[in-house]
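Number of protein chains: 2
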Amino acid sequence: MAPVKVFGPAMSTNVARVLVCLEEVGAEYEVVNIDFQAKEHKGPEHLARNPFGQIPAFQDGDVVLFESRAISKYILRKYKSAETDLLREGNLREAAMVDVWTEVEAHQYNPALSPVVYECLINPTMRGVPTNQKVVDESLEKLRKVVHVYEARLSKSKYLAGDFLSFADLNHFPYTFYFMATPHASLFDSYPHVKAWWERLMARPSMKKLGASMAPKP
Amino acid sequence: MAPVKVFGPAMSTNVARVLVCLEEVGAEYEVVNIDFQAKEHKGPEHLARNPFGQIPAFQDGDVVLFESRAISKYILRKYKSAETDLLREGNLREAAMVDVWTEVEAHQYNPALSPVVYECLINPTMRGVPTNQKVVDESLEKLRKVVHVYEARLSKSKYLAGDFLSFADLNHFPYTFYFMATPHASLFDSYPHVKAWWERLMARPSMKKLGASMAPKP
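Protein chains in written order, with UniProt numbering: chain D, 1 to 218; chain W, 1 to 218.
Keep in mind that the hints were calculated from the coordinates and are not lab data.
The model shown is predicted, which means the values in this text are computed figures rather than measured ones.
Incorrect hints may have been included.
[Stated by the list, open to error] No farther apart than 30 Å at their CA atoms in a straight line, the calculated lysine-lysine pairs in the BS3-like style are these:
id, chain 1, residue 1, chain 2, residue 2
1, W, 5, D, 158
2, W, 195, W, 5
3, D, 78, D, 208
4, W, 145, W, 80
5, D, 80, D, 158
6, D, 142, W, 39
7, W, 39, W, 209
8, D, 39, W, 145
9, D, 39, W, 142
10, W, 39, D, 134
11, D, 145, D, 195
12, W, 195, D, 42
I would like the entire structure built from these sequences, with the hints used as guidance.
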């Protein structure tokens with residue numbers, strides 16, 4: 001079987017979201033770089049894959065997909081096994097908890113945490129744009145409220161959806177990984193259950209491997 | 001079987017997202033109002049349902065959920081029948097297309113369209129805050145680009161995920177319904193396939209019924 005293709009630089013957060021799922025299920029894959037400087041993401045070949053001209057895009061034979069969370073779910077369904085059932089769609093209650101915490105990542109956690117990553121890491125090092133401290137401060141305040149809810153949740157179960165690893169956890173990998181390289185990583189020290197959960201995730205071979213290639217340059 | 005409970009005012013967009021799913025599958029439900037003026041959404045009973053103190057929350061016996069998109073999926077799975085299979089999780093390709101266009105709603109469509117609803121409808125009529133025209137103009141520009149992609153998609157298939165109604169379509173109901181009550185509804189006139197799709201949706205008994213109770217006061 002030909003390996004599936006993921007289009008977009010592996011260092012990108014939304015590409016890494018897909019790659020961590022591929023690593024977890026042990027699928028063969030190939031990363032196809034998209035050259036942003038050559039505006040390849042706005043070219044006709046890439047627009048046929050992703051009509052918004054964004055990354056990632058994904059190809060498995062004649063199945064072509066975009067939107068990182070949708071691609072991830074396709075992968076987790078296709079390669080589901082007795083060992084890896086990370087969506088739990090066969091169990092009404094468990095699937096609901098996976099969905100709840102997947103939506104929390106998209107609508108609560110990421111909107112609070114990702115601006116800190118952009119302001120402290122991506123803008124100054126990759127775009128030559130200085131950090132907007134007001135945005136950072138407001139985001140950190142929001143993030144503390146969100147992580148407070150996570151702390152309560154993770155004091156009751158080992159992972160977000162319950163005592164089993166799921167897509168809801170994996171989904172937090174790319175942005176949190178980069179957040180931990182900002183000067184604000186210590187925010188998590190006040191939340192011992194969240195900190196232990198994150199360390200448990202980062203000990204996984206999938207995240208160790210991807211993290212090594214994503215490591216932001218100082 | 002006791003009816004399931006949806007907590008939050010039915011006029012709220014994220015509550016309506018859940019209600020349209022309940023109507024489509026024909027489930028019995030009860031809407032339990034949450035009194036925002038009395039700060040009931042930040043009280044201990046509601047926080048036990050939704051730790052972020054937001055609406056909606058949902059209860060089905062001892063299953064308690066939050067996040068409107070997660071609640072919706074629970075409902076569509078639980079009440080799935082031969083007539084209504086709106087997630088298509090049994091079909092790898094179809095489920096992927098439902099997911100892609102569900103994510104597009106969350107990450108492309110809604111961020112462009114919802115500010116127009118807030119600025120033109122919710123802020124001036126419910127909050128006494130004047131419309132910020134700059135936000136409206138920028139959002140409409142983004143929205144045109146998004147709807148352009150929808151037009152191409154809907155010229156190839158009757159619904160977003162394919163030639164079948166799915167959660168991806170239903171998901172567009174609440175915000176688009178209110179957008180159509182703003183002075184900018186005519187934006188859709190330039191996109192005949194999108195306009196026809198919307199009219200097809202609005203002709204459904206579920207949306208007619210909910211729309212009647214959501215109708216914004218002039």
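Each hint tested on the structure:
1. A threshold of 30 Å between alpha carbons decides the hint, and for residue 5/W with residue 158/D the separation of about 28 Å falls inside it, so the pair holds.
2. A hinted pair counts as satisfied when its Cα atoms are at most 30 Å apart, and residue 195/W with residue 5/W does not qualify at roughly 33 Å.
3. Distance restraint check for residue 78/D and residue 208/D: the Cα-Cα separation of roughly 24 Å lies within the 30 Å cut-off, and the hinted pair is therefore satisfied.
4. In summary, the hint linking residue 145/W to residue 80/W is not supported, as the alpha carbons are separated by about 34 Å, beyond the 30 Å threshold.
5. Our distance criterion of 30 Å between C-alpha atoms is met by residue 80/D and residue 158/D, whose separation comes to about 21 Å.
6. For a cut-off of 30 Å, the pair hint linking residue 142/D to residue 39/W stands: about 20 Å separates their Cα positions.
7. A distance of roughly 29 Å separates the Cα atoms of residue 39/W and residue 209/W; the hinted pair therefore holds under the 30 Å criterion.
8. Restraint check for residue 39/D and residue 145/W: the C-alpha separation of about 18 Å stays at or below 30 Å, so the hint holds.
9. Taking the CA atoms of residue 39/D and residue 142/W, the gap is near 20 Å; set against the 30 Å cutoff, the hint holds.
10. Between residue 39/W and residue 134/D, the direct Cα distance comes to roughly 29 Å. Compliance with the 30 Å bound is thereby established for this hinted pair.
11. A distance of roughly 15 Å separates the Cα atoms of residue 145/D and residue 195/D; the hinted pair therefore holds under the 30 Å criterion.
12. The suggested pairing of residue 195/W with residue 42/D holds, with an alpha-carbon distance near 27 Å, which does not exceed 30 Å.
The structure shown violates the earlier hints numbered 2 and 4.
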